[in-house]
Amino acid sequence: MKNLFLYFLTVAIWGSTWYAITWQLNGVPAQVSVAYRFGLATLILFVWCWLRRLRLRFSGREHGLLMLLGLTLFSANYVLFYEAEKRLVSGSVAIIFSLLVVFNILNNWLLFGSKPDRQVIAGATLGLLGIVLTFWPDLSAMNSSPQNIRGILLSLAGTLTASFGNLVWVRLHKRQIPVVPANAFGMLYGTVLLLTYAVFSGATFSFDTSVKYLASLTYLAVFGSVIAFSSYLTLVGRIGPDRAAYTSILFPIVALMISAVFEKYQLTPLSALGIACILTGNGLVLLHKQRISPGIRTPAFEAER
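Numbering-wise, the sequence shown is residues 629 to 933 according to this note's numbering.
Honestly, the hints are just simulated from the structure, not real lab data.
Predicted model, so just to flag it, every value in this text is computed and none were measured.
Be a bit skeptical, because a hint or two may be false.
So the derived label-pair ranges between C-beta atoms look like this [stated by the list, open to error]:
{"no.": "1", "residue 1": "L734", "residue 2": "L842", "range": "25 to 35 angstroms"}
{"no.": "2", "residue 1": "M629", "residue 2": "T837", "range": "35 to 45 angstroms"}
{"no.": "3", "residue 1": "T908", "residue 2": "L738", "range": "26 to 36 angstroms"}
{"no.": "4", "residue 1": "R746", "residue 2": "T832", "range": "27 to 37 angstroms"}
{"no.": "5", "residue 1": "T846", "residue 2": "G692", "range": "15 to 25 angstroms"}
{"no.": "6", "residue 1": "L739", "residue 2": "M885", "range": "31 to 41 angstroms"}
{"no.": "7", "residue 1": "E690", "residue 2": "F828", "range": "19 to 29 angstroms"}
{"no.": "8", "residue 1": "R746", "residue 2": "L781", "range": "43 to 53 angstroms"}
Straight-line Cα separation of at most 25 angstroms, DSS-like style, residue types lysine-lysine; simulated pairs [what the hints assert, rightly or not]:
{"no.": "9", "residue 1": "K714", "residue 2": "K802"}
{"no.": "10", "residue 1": "K630", "residue 2": "K802"}
{"no.": "11", "residue 1": "K743", "residue 2": "K840"}
Every residue, glycine too, gets a C-beta built ideally from N, C-alpha and C.
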């Protein structure tokens, strides 16, 4: 039940962040907005660690992994996606991001020798088919213009980077690093990298004081970063990166529901069929017999409870 709670909490929050991100794309450079987001999230996490007296001392090797986590999961991937959304419709970017399932399965197999479960592969394949059907109008509207091609490549690069971040977390989990301190340092390093990139890229450190920007920044930092990443990385440690990544299949469904309310999205027979495929694939992944990692009940995991 805890796995299911973490799973659907992650889906609900990250599914809604697609809409919140659109409020961040006007005026403030992407890398600066992402730095603001993770900078605020870092502050919240370190205050929480201090209040809970969580362990914050790690070895040099562990800090190296945390820096890598910051690069792959809390900086580079987000800059790539923000830039991609300037060139592609959000539905197309969501489709490409759903390939996280495939990348995680393949990378987990190639790098860690964890052969994917057939039922997981079947569920992921059905889910990806559902994503294509759901967003087919967006896909069919795409042409081969340089902007679209660049947007596709940026989205693929962002998804692959996020997949490597998932596998870095698997290594940290095996070293019994608690989720919240890992997120705190990972986001700290990610923020430093983002600010460094912003300086060298000549970005303007502007700030939008509109209610819309401040509301989206707060939501993305508190819910989209602090809560969702803690839930997701806990889930990765509990059920593995291949199963946890299936949340990326459901993100667009939540995004569609929000679009139906705020952007007048209309459900079509094709998108309804796509949603049915996604939910069926989701059931295959969630309801199959799980093989829990032997390192699941480590002292660090128990401390997170």
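Here is what the structure says about each hint:
Separated by about 40 angstroms at the C-beta atoms, L734 and L842 break the suggested range of 25 to 35 angstroms. For M629 and T837, the Cβ-Cβ distance of about 43 angstroms falls inside the hinted range of 35 to 45 angstroms, so the restraint holds. With their beta carbons about 28 angstroms apart, T908 and L738 fall inside the hinted range of 26 to 36 angstroms. Separation of R746 from T832 is about 51 angstroms and departs from the stated range, judged on CB atoms against 27 to 37 angstroms.
Restraint check, T846 to G692: a C-beta distance of roughly 32 angstroms breaks the suggested window 15 to 25 angstroms. For L739 and M885, the Cβ-Cβ distance of about 35 angstroms falls inside the hinted range of 31 to 41 angstroms, so the restraint holds. Restraint check, E690 to F828: a C-beta distance of roughly 27 angstroms satisfies the suggested window 19 to 29 angstroms. Taken as a hint, the range 43 to 53 angstroms is violated for the pair R746 and L781, whose Cβ atoms sit roughly 31 angstroms apart.
Annotation: proposed proximity of K714 to K802 is violated, straight-line Cα distance about 38 angstroms (limit 25 angstroms). For the hint linking K630 to K802, the alpha-carbon distance of about 20 angstroms falls within 25 angstroms, and the restraint holds. With a C-alpha separation of about 45 angstroms, the suggested pairing of K743 with K840 is violated against the 25 angstroms cut-off.
Hint violations for this structure: numbers 1, 4, 5, 8, 9 and 11, all remaining hints satisfied.
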